[in-house]
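Below, each chain spelled out in residue letters.
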Amino acid sequence: MSRARTPQARPLPGWLFVPAGLALAFVALPIAGLLTRVPWLRLPALLATPESVDALALSLQTCAASLILTIVLGLPLALAIARSTGPWAAVARVLAVLPMVLPPVVAGLALLVTLGRRGLLGAHLSAFGIEIGFTTLAVVIGQTFVAMPYFVIAVEAALRTLDPGFEQVAATLGASPSRVLSRITLPLLAPAFVSGAAMALARALGEFGATLTFAGSLQGVTQTLPQAIYLAREVEPDAALALSVVLLGLAAALMAVSGLVNRAASGVSDG
Amino acid sequence: MKKLVASLAAALVLAGCSAPAGTSSPAVASGKTVTVFAAASLKGAFTKIGDAFGAETGAKVSYNFNGSSALVDQLLGGAPADVFASADESNMKKATDAALTAGKPTLFATNVLTLVVAPGNPAKITGLDASLDGKKLVVCAVGVPCGNALATLEKNLGVSPKPVSQEQTVTDVLGKVTSGEADAGVVYATDAKSAGAKVTAVAIPGSEKVVNNYPIAATASTKDAALARAYIDYVTGPKGQAILTEFGFGKP
Amino acid sequence: MADDVLITAAIDARQFDVDATLAAGRVTAIVGPNGSGKSTLVGLVSGELRPDRGSVSLGLRVLSDAAAHVPTHRRPIALLAQRPLLFPHLDVVDNVAFGVRSRGAGKTEARERALRELDAVGAAPLASRRARALSGGEAQRVALARALATDPAIVLLDEPLASLDVATAGAMRALLAERLPACGATVALVTHDPLDIWTLADDLVCLEAGRLVESGPIADVLARPRTGFLADLSGVNLLEGTADPHDPAANGVLVGDDRVLGLWEGPEDAVGGQHVMATFAPSAVALFRTPPAGSPRNTWGVRVVDVDPRGATVRVNLTVANGQRLSADLSAPGAAALSLAPGDQLHAQVKATQVFLYPRH
Chain D
1 MSRARTPQAR PLPGWLFVPA GLALAFVALP IAGLLTRVPW LRLPALLATP ESVDALALSL
61 QTCAASLILT IVLGLPLALA IARSTGPWAA VARVLAVLPM VLPPVVAGLA LLVTLGRRGL
121 LGAHLSAFGI EIGFTTLAVV IGQTFVAMPY FVIAVEAALR TLDPGFEQVA ATLGASPSRV
181 LSRITLPLLA PAFVSGAAMA LARALGEFGA TLTFAGSLQG VTQTLPQAIY LAREVEPDAA
241 LALSVVLLGL AAALMAVSGL VNRAASGVSD G
Chain G
1001 MKKLVASLAA ALVLAGCSAP AGTSSPAVAS GKTVTVFAAA SLKGAFTKIG DAFGAETGAK
1061 VSYNFNGSSA LVDQLLGGAP ADVFASADES NMKKATDAAL TAGKPTLFAT NVLTLVVAPG
1121 NPAKITGLDA SLDGKKLVVC AVGVPCGNAL ATLEKNLGVS PKPVSQEQTV TDVLGKVTSG
1181 EADAGVVYAT DAKSAGAKVT AVAIPGSEKV VNNYPIAATA STKDAALARA YIDYVTGPKG
1241 QAILTEFGFG KP
Chain L
2001 MADDVLITAA IDARQFDVDA TLAAGRVTAI VGPNGSGKST LVGLVSGELR PDRGSVSLGL
2061 RVLSDAAAHV PTHRRPIALL AQRPLLFPHL DVVDNVAFGV RSRGAGKTEA RERALRELDA
2121 VGAAPLASRR ARALSGGEAQ RVALARALAT DPAIVLLDEP LASLDVATAG AMRALLAERL
2181 PACGATVALV THDPLDIWTL ADDLVCLEAG RLVESGPIAD VLARPRTGFL ADLSGVNLLE
2241 GTADPHDPAA NGVLVGDDRV LGLWEGPEDA VGGQHVMATF APSAVALFRT PPAGSPRNTW
2301 GVRVVDVDPR GATVRVNLTV ANGQRLSADL SAPGAAALSL APGDQLHAQV KATQVFLYPR
2361 H
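Heads up: the sequence lines are chains D, G and L, in that order. With the working numbering, the residue at position 243 of the first sequence is 243, and numbering never jumps. Counting from 1 along the second sequence, just add 1000 to a position and that's the residue number in the working numbering. Counting from 1 along the third sequence, just add 2000 to a position and that's the residue number in the working numbering.
Keep in mind that the hints were calculated from the coordinates and are not lab data. What you are looking at is a predicted structure, and each value in this text was computed from that prediction instead of being measured. Keep in mind that a hint or two might mislead.
For lysine to aspartate or glutamate, the following DMTMM-like pairs were computed, each having C-alpha atoms within a straight-line distance of at most 20 Å [as the list claims (entries may be wrong)]:
| # | chain 1 | residue 1 | chain 2 | residue 2 |
| --- | --- | --- | --- | --- |
| 1 | G | 1251 | G | 1089 |
| 2 | L | 2107 | L | 2094 |
| 3 | G | 1094 | D | 236 |
| 4 | G | 1094 | D | 234 |
| 5 | L | 2351 | L | 2265 |
| 6 | G | 1104 | G | 1233 |
| 7 | G | 1093 | D | 238 |
| 8 | G | 1094 | G | 1129 |
| 9 | G | 1162 | D | 131 |
| 10 | G | 1162 | D | 236 |
| 11 | G | 1093 | D | 234 |
| 12 | G | 1094 | D | 51 |
| 13 | G | 1209 | G | 1088 |
| 14 | G | 1093 | D | 167 |
| 15 | L | 2351 | L | 2258 |
| 16 | G | 1048 | G | 1233 |
| 17 | G | 1193 | G | 1208 |
| 18 | G | 1251 | G | 1208 |
| 19 | G | 1198 | G | 1246 |
| 20 | G | 1209 | G | 1129 |
| 21 | G | 1104 | G | 1089 |
| 22 | L | 2107 | L | 2052 |
| 23 | G | 1135 | G | 1172 |
| 24 | G | 1251 | G | 1233 |
| 25 | G | 1209 | G | 1154 |
| 26 | L | 2351 | L | 2329 |
| 27 | G | 1032 | G | 1208 |
| 28 | G | 1135 | D | 51 |
| 29 | G | 1162 | D | 54 |
| 30 | G | 1093 | G | 1073 |
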């Protein structure tokens, strides 16, 4: 609150704005360049093709599913690793975020050799007639694999900076661990929860490598937005640009949500 | 920025100098470099051709292997190349239409589609027929050259198999078969050959009628038209053709 | 309804080994230097810590021992810490009702109980405010209401006034003085402030280095402090020595080579060689540049450590020959006349009638 009224409280040296401007241009220019090439007038027609509609619908459905998986599995994981100590917790912490820094194709290969028909688990599943490859489930698994770390890391960081006093006081007031979690911890984590979920959703939307390697590409089944863009690049470059705009818009909206929530949350702790 | 380009160029020149040049025959083009943009499916054959051409002429051949359409995009963007070899005529047409090539393209190789299955063909697949029922078939997407060729073939044969995935590249199709995810895939004969023992090729009856032609042309921007011509002649000549055959390509 | 809280517990990792009792329905001040084990004691009662050996019990009910450990949320306790720690996502009345709800009350019942408690601490008008919209003093008031609304058998106050400004702390202290006896709980009050002790506490437990060094009713413990920490707390000088073996009754205490004479207050006559404490007020100490002549026989060589002006008086911190500390409060003009500087060698004199001698336990 007070920050807004006293913008000069911590002035920055003027020269800093030169490299800062360069950095912004560095990321903004390619996006601007993309936007200049978009056939804006034909955009509705390009997006109305069955390929585009199917890809968009599939992306939204799979991302919704992977977001639910991410939250249902990622939240307990974030809680567990944030509150655990010792070497195993450290290992778990590294493992939990590893897919974030894994090249997308490596993520795909890893899923393939694990869940593929001849994979570690996939071979056993296959024996029961369950085959994940080439199914929409494979897309959801791939998205969850790469997106969950973004959620886990956001929630875990918030958990570790959370004042332990709130939970201690709640316990002295007779709240069981489950009640402390649901009534105190989770509400206090809400901003990180929302911004982490937005980050994870954005990442899932953009998921490409794992889907390419593991799920295949079939319209309406496994062909998500990025897959459709990649294919359209060869066939109909304008359609690729049109779909890129959609993806860009969704990603920007999600990042804005994440940023707003973070700002609101830090404003609260200022006040 | 200029400085960066200059040092990159210097590095390339140095790399060119240190590369093994021809030793026995007189070096007619010693020290020169011909830059070839070639379709990814040509990688094996062209690498060998480049070595042979270099040994004979003393020229260094520098390759950029990529998807044909990506190569056209790069040429459109002003990438420096002397020769462009496409995996299909439509991408070559894009290049010629944009006046990126010098002279008429020459066909130098052909490729046909084939089925690839797990080694030994345990699923007993016989072609694009009922033997594929209940099997996982992976093909190229319509729009990419191998997918377009398949569409023509399916029309000729009057069949419409149901694939589980339509991949962007032949490599992805092959990968799905070699990893065991798919039971069968439709790829080019050259891809089946390069995969060696990891797959068994099952010829598709009628595929010989859907031939994919590989055109080659010098670029309009080449700095050394004579060297570009020499390279193209080598590819279309008996020695180049022998190497292409060795890698599974057909005669034009 | 109140019961004694008995703590006979050791935690090796914290080098803590204490046997202490918090008397039923009374307020026991827990004092001691930093790191002496006050928080450990609170943690043992709250259930956050479990003893390696021994037990913590409330009356006959064992809260912690080798066999069992009642978790924090099942203990009939309440905690008020230095920070109010109101839940920022709840409004004031929901904060206060939280504990009541947690202990099984229905929504309406909990709300009524919360409103009553808010009224008792004078915070009823704040009921519908967001917790984060309160001032520090208001928040601490609400936190007290929240703690007491669960009708705890034990109330743990961990420096509840330490983060409040002087005026707010005064109002809060008055509120505690009113509410603590009324709630009937057994109360532990961790504090550094003598004012808290005198106004709020009935008994005192003093810890040093994880050991109990003194306990008992406030008046007894602070009137005759037996540790330097307690002497500081009660604002008196404390010298430790041994009773003169030749004539303990007449010749007083030997502190190194110095002799300290005073009024013997021991329950029995002093025995030669006995460990004896001597206390006297800083205002009873007079300082001289040259050895004074005359009647008082309590004259010792001292060395000035530092000089600390405090308005009309000047506190002079000194050491005697064997290194023990004492302080003298001089009038500002008197101090100026001596023109004191650290390191000066002086003579300190105290009338024997102003020195109290008593045995250490």
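Status of each hint after checking the structure:
1. G:1251 x G:1089: The given pair, whose Cα atoms are some 15 Å apart, holds under the 20 Å limit.
2. L:2107 x L:2094: Between residue 2107 of chain L and residue 2094 of chain L the Cα gap is close to 10 Å, so the pair holds against 20 Å.
3. G:1094 x D:236: Holds - the C-alpha atoms of residue 236 of chain D and residue 1094 of chain G are around 13 Å apart, at most 20 Å.
4. G:1094 x D:234: holds (12 Å)
5. L:2351 x L:2265: holds (16 Å)
6. G:1104 x G:1233: holds (13 Å)
7. G:1093 x D:238: With a Cα-Cα distance of about 19 Å, the restraint between residue 1093 of chain G and residue 238 of chain D holds, given a limit of 20 Å.
8. G:1094 x G:1129: violated (35 Å)
9. G:1162 x D:131: holds (17 Å)
10. G:1162 x D:236: violated (23 Å)
11. G:1093 x D:234: holds (14 Å)
12. G:1094 x D:51: violated (24 Å)
13. G:1209 x G:1088: holds (15 Å)
14. G:1093 x D:167: Measuring from Cα to Cα gives roughly 70 Å; hence the hint is violated.
15. L:2351 x L:2258: Within the cut-off at roughly 15 Å; holds.
16. G:1048 x G:1233: Roughly 15 Å separates the two Cα atoms, so the pair holds.
17. G:1193 x G:1208: Holds: residue 1193 of chain G and residue 1208 of chain G sit about 16 Å apart, inside 20 Å.
18. G:1251 x G:1208: Holds, because 12 Å separates the two Cα atoms, which is no more than 20 Å.
19. G:1198 x G:1246: holds (18 Å)
20. G:1209 x G:1129: holds (17 Å)
21. G:1104 x G:1089: holds (12 Å)
22. L:2107 x L:2052: violated (40 Å)
23. G:1135 x G:1172: holds (18 Å)
24. G:1251 x G:1233: Satisfied, since the Cα-Cα distance of roughly 15 Å is no more than 20 Å.
25. G:1209 x G:1154: Holds, at roughly 11 Å.
26. L:2351 x L:2329: holds (15 Å)
27. G:1032 x G:1208: Judged against 20 Å, a Cα distance of about 40 Å means the pair is violated.
28. G:1135 x D:51: violated (25 Å)
29. G:1162 x D:54: At roughly 18 Å apart (the allowed maximum being 20 Å), residue 54 of chain D and residue 1162 of chain G satisfy the hint.
30. G:1093 x G:1073: The given pair, whose Cα atoms are some 13 Å apart, holds under the 20 Å limit.
Consistency with the previously given hints fails for numbers 8, 10, 12, 14, 22, 27 and 28, ordered from lowest to highest.
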